[in-house]
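Enquirer: Sequence:
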Amino acid sequence: MSSLGLILVTIVGIAVLLYLIMHSKMQAFLALLIASIFIGIFTGMDPTSLIETMEEGMGGTLGFIAIVVGLGAMFGEMLRTSGGAERLAFTLVDRFGENRAQWALALTGFIVAIPVFLDVALVILLPIVYSLAMRTGKSLLYYAIPLLAGLAVAHSFIPPTPGPIAVASVLGVDLGWMMLFGIIAGLPAMIIAGPLFGRWIGKRVHVGVPAHIVEATKQEEESKKELPRFGLICFIILLPLAMILLNTAGDVILKEGTTTHQILTFVGHPFIALIVATLLAMYFLGKRRGATKEQIQTMTTKALEPAGIVILITGAGGVFKEVLIQSGVGDAMGELMASSGFPLVLLAFLIATFVRVAQGSATVAMITAAGLVSPIIDMVDLSQPSLALIAIAIACGATVLSHVNDSGFWLVSRFLEMSEKDTLKSWTVMETIIGGVGFLVVFGLSFFFS
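In this note's numbering, the protein residues as written are 11 to 460.
Just to be clear, a hint being listed does not mean it is correct.
Straight-line Cα separation of at most 20 Å, SDA-like style, residue types lysine to any residue; simulated pairs [stated by the list, open to error]: (1) Lys148 to Lys435; (2) Lys148 to Met428; (3) Lys435 to Phe207; (4) Lys148 to Trp113; (5) Lys35 to Leu289; (6) Lys435 to Gly446; (7) Lys297 to Lys312; (8) Lys435 to Val215; (9) Lys213 to Ala76; (10) Lys303 to Lys35; (11) Lys35 to Ile51; (12) Lys435 to Phe453; (13) Lys303 to Leu289.
The following label-pair restraints were derived from C-beta to C-beta distances [what the hints assert, rightly or not]: (14) Lys35 to Gln305: 17 to 27 Å; (15) Pro353 to Gly218: 44 to 54 Å; (16) Gly182 to Leu314: 23 to 33 Å; (17) Phe240 to Leu289: 12 to 22 Å; (18) Val22 to Arg105: 53 to 63 Å; (19) His271 to Gly182: 15 to 25 Å; (20) Leu40 to Asp104: 46 to 56 Å; (21) Ile273 to Gly182: 44 to 54 Å; (22) Thr302 to Phe281: 26 to 36 Å; (23) Tyr293 to Lys35: 23 to 33 Å.
If you're looking for bench data, these hints aren't it; they were derived computationally from the structure. The C-beta atom is built at its ideal place from N, Cα and C for all residues, glycine as well.
The task is simple: from the sequences and hints, build the whole structure.
Expert: What follows is the structure in structure tokens.
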């Protein structure tokens with residue numbers, strides 16, 4: 011089949027994927043598999059070869075993803091059930107002071123969303139937003155937007171959250187580099203979309219605290235004395251990140267094959283870093299606080315239920331990527347890319363943006379965009395920093411323009427009891443600022459890591 015034919019089949023295949031998710035309301039896991047089969051068959055792949063390719067794509071992706079997401083989910087559940095997230099928020103707000111509470115909430119959201127899923131973190135931390143709004147009489151958005159900005163940036167930009175982990179796995183990106191560039195691009199995005207935009211929108215759209223929340227908020231504040239220590243929580247959350255970054259630094263500074271390099275590579279591998287963090291969380295946030303072995307087992311088992319969905323969707327994304335490569339679509343797209351003159355970072359951002367706006371899910375947008383970009387990357391020799399910048403560009407595109415087809419839009423609208431119009435003015439604009447600012451940083455950095 012000609013290059014043009016391969017690309018046309020891929021476009022139709024993506025249209026099938028979007029139709030199944032948006033119109034038929036099909037689970038993204040099944041929709042990705044069906045779209046992969048469609049592309050494989052209509053690009054002329056042998057049926058037996060197609061099945062083997064699907065198996066390779068699923069297995070190759072899940073070998074890394076399943077362990078990292080599973081460990082991250084258990085780690086996050088221990089943090090949630092122990093009250094560690096609340097401790098971070100209460101302490102930071104107290105230390106920053108009420109006048110700078112926006113900055114404390116943004117930082118809290120950024121730290122907490124690294125191990126905890128965004129929707130769970132939002133539920134945990136919203137009582138603090140309610141409390142501040144009740145105390146000051148300001149709009150909920152004045153405090154909620156900074157918190158949401160911190161949560162959204164970490165959720166989209168910083169491993170080991172599912173989206174960045176999936177993109178890193180598909181593109182073969184070192185997590186240390188992705189973490190580093192995610193922080194560099196994420197912090198200015200969080201500041202502009204969070205405290206600065208939150209202050210602006212909070213003065214223009216007043217959202218009051220729901221009446222039925224008042225009593226629950228008081229009870230939440232009364233429980234502060236039972237929460238774990240602030241220093242312990244910071245240590246447990248930041249330790250695995252430091253271990254992974256140390257591994258990346260060792261690759262740059264140390265000679266490969268030396269004893270020190272081998273030790274850092276082992277200790278700083280995401281598997282080891284997250285196992286250590288999870289065990290520490292189980293001991294200090296579980297056993298030391300009176301939880302029985304059975305209770306800890308129940309908590310960590312429960313955490314794997316939502317993780318299972320993420321793992322399967324990511325695996326299906328791996329199938330999609332492998333079919334694109336083996337069918338020859340990757341080569342055709344590479345040729346088209348070379349002739350277009352588009353920088354690969356920009357192309358990755360635009361693809362992710364298109365899928366995001368069309369079907370809503372940031373994770374699906376990341377996985378789909380990574381699958382489409384991966385065959386092109388395989389044709390060129392890119393450094394790890396360059397790959398990490400492309401990965402963050404995908405994350406930026408998958409963040410912008412959240413609207414009515416995104417579950418996050420309705421989550422925020424429901425919890426803050428806002429109209430769709432006000433949610434578009436606040437949440438949608440905030441998400442777009444995050445993605446836009448993050449991409450501008452990444453695009454600028456790409457000229458130094460070509």
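Enquirer: Give a verdict on every hint.
Expert: Verification of the supplied hints:
1. As the CA atoms of Lys148 and Lys435 are separated by approximately 17 Å, the hinted pair is consistent with the 20 Å bound.
2. For the proposed pair Lys148 and Met428, the alpha carbon gap of about 15 Å is at most 20 Å, so the pair holds.
3. Only pairs whose Cα atoms come within 20 Å are accepted, and Lys435 paired with Phe207 is accepted, the gap being roughly 11 Å.
4. At roughly 16 Å between alpha-carbon atoms, Lys148 and Trp113 fall within 20 Å of each other, so this suggested pair holds.
5. Proximity of Lys35 to Leu289 is assessed by CA-CA distance (about 38 Å); at most 20 Å being required, the pair is judged violated.
6. A hinted pair counts as satisfied when its Cα atoms are at most 20 Å apart, and Lys435 with Gly446 qualifies at roughly 16 Å.
7. Straight-line distance between C-alpha atoms of Lys297 and Lys312 comes to about 17 Å, which keeps the hinted pair within the 20 Å bound.
8. Distance restraint check for Lys435 and Val215: the Cα-Cα separation of roughly 9 Å lies within the 20 Å cut-off, and the hinted pair is therefore satisfied.
9. Restraint check for Lys213 and Ala76: the C-alpha separation of about 44 Å exceeds 20 Å, so the hint is violated.
10. Simply put, Lys303 and Lys35 have alpha-carbon atoms about 40 Å apart, too far for the 20 Å limit, and the pair is violated.
11. With a C-alpha separation of about 24 Å, the suggested pairing of Lys35 with Ile51 is violated against the 20 Å cut-off.
12. Simply put, Lys435 and Phe453 have alpha-carbon atoms about 26 Å apart, too far for the 20 Å limit, and the pair is violated.
13. Note on Lys303 and Leu289: the hinted pairing holds, with a Cα-Cα distance of about 13 Å set against a maximum of 20 Å.
14. Take Lys35 and Gln305: their Cβ atoms lie about 37 Å apart, and the range 17 to 27 Å is violated.
15. Evaluation of the 44 to 54 Å hint for Pro353 and Gly218 yields a pass: the beta carbon distance comes to about 46 Å.
16. A beta carbon spacing of about 26 Å between Gly182 and Leu314 agrees with the range 23 to 33 Å that was offered as a hint.
17. The beta-carbon spacing between Phe240 and Leu289, approximately 21 Å, falls within the hinted interval of 12 to 22 Å.
18. The beta-carbon spacing between Val22 and Arg105, approximately 55 Å, falls within the hinted interval of 53 to 63 Å.
19. In this structure the supplied range 15 to 25 Å holds for His271 paired with Gly182, their Cβ-Cβ distance being about 20 Å.
20. The hint said 46 to 56 Å for the Cβ distance between Leu40 and Asp104, and at roughly 47 Å that hint holds.
21. Our hint of 44 to 54 Å for Ile273 and Gly182 is violated, since their Cβ atoms are close to 23 Å apart.
22. For Thr302 paired with Phe281, a C-beta distance near 27 Å keeps the hint of 26 to 36 Å intact.
23. Restraint check, Tyr293 to Lys35: a C-beta distance of roughly 43 Å breaks the suggested window 23 to 33 Å.
Checked against the numbered hints given earlier, this structure breaks hints 5, 9, 10, 11, 12, 14, 21 and 23; the rest are met.
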